[in-house]
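Under mature numbering (1 follows the signal peptide of the UniProt record, and there is no 0), read the sequence shown as residues -24 to -1, 1 to 241, first letter to last.
Treat the hints with care, as some may be off.
Calculated lysine to aspartate or glutamate pairs in the DMTMM-like style (CA-CA distance at most 25 Å, straight line) [said to hold, decoys possible]: (1) Lys187 x Asp177; (2) Lys124 x Asp31; (3) Lys112 x Asp192; (4) Lys150 x Asp167.
To be clear, the hints were calculated from the coordinates, so they are not data collected in a lab.
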Amino acid sequence: MQGTTIKLLTGGLLMVAAAGYVQAEALQPDPAWQQGTLANGLSWQVLATPQRPSDRIEVRLSVNIGSLSESTQQSGFSRFIPRPALTQSGSLPTMQARSLWQQSIDPKRPLPPAIVSYDYTMFNLSLPNNRNDLLKEALSWLADASGKLAITPESINHALQGSDMVATWPLDTKEGWWRYRLKGSTMLGHDPAAPLKQPIDVAQLKDFYQKWYTPDAMTLIVVGNVDSRSVAEQINKTFGDLKGKRETPQRCRPYRRCLPCRSAS
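Assemble the whole structure, with the sequences as input and the hints as a guide.
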């Protein structure tokens, strides 16, 4: 009996030791993946993929703002703001910005240039490989769109006259099964595809942009055959002067887990 007990204890200790060893040998982050946070709060991530030199360079800018942050009077604001952004060249010459956008859509796997959901807005650019000049232009345009957007009656009218290239996620927010899943959720009253209220209150739209488009609520991601150090330096140089800070806590973020977010009683 004593021998059996000793064997059991020994086996248990070996299992504990093995578990500790497994824990010690946990996977380490890929050294090709770099991340950081600028002084203004903007987060960035860069994944260098030299083993895939022919892949396009993928650039994403995610902003923690979507239809859940809209009041009744602001319905449609979050989806509309990318529209004037996509019609403005920012600090780039007009023809240069137009050329950038012509080359920033992957012909094999095209994505909308901007996607708006309940709790985020995502700008998407896919650039040809070995075009550091285009990457620099893309970062410059994104910085202008996310922090220096001109919101005026003229820029709004110009955006309304152009094509609407902004998509929502999910693509069909009116789909029956999706609406059923949202039963009892505050998300039902904050449709990202809701039409913009007319007439547009320019001052209120501008205030909405300045309140929610702050660098501390943004994450920039670059993936491709790039020099991580050089890209990190360019990000700091291009986005480092963006101003603003969130003063209102972000609403609960139920969509990522597809669970209803009930109103506080």
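Structure-based check of each hint:
no.: 1; hint: Lys187 x Asp177; verdict: 15 Å, holds
no.: 2; hint: Lys124 x Asp31; verdict: 31 Å, violated
no.: 3; hint: Lys112 x Asp192; verdict: 21 Å, holds
no.: 4; hint: Lys150 x Asp167; verdict: 9 Å, holds
Consistency note: the structure conflicts with earlier hint 2 alone.
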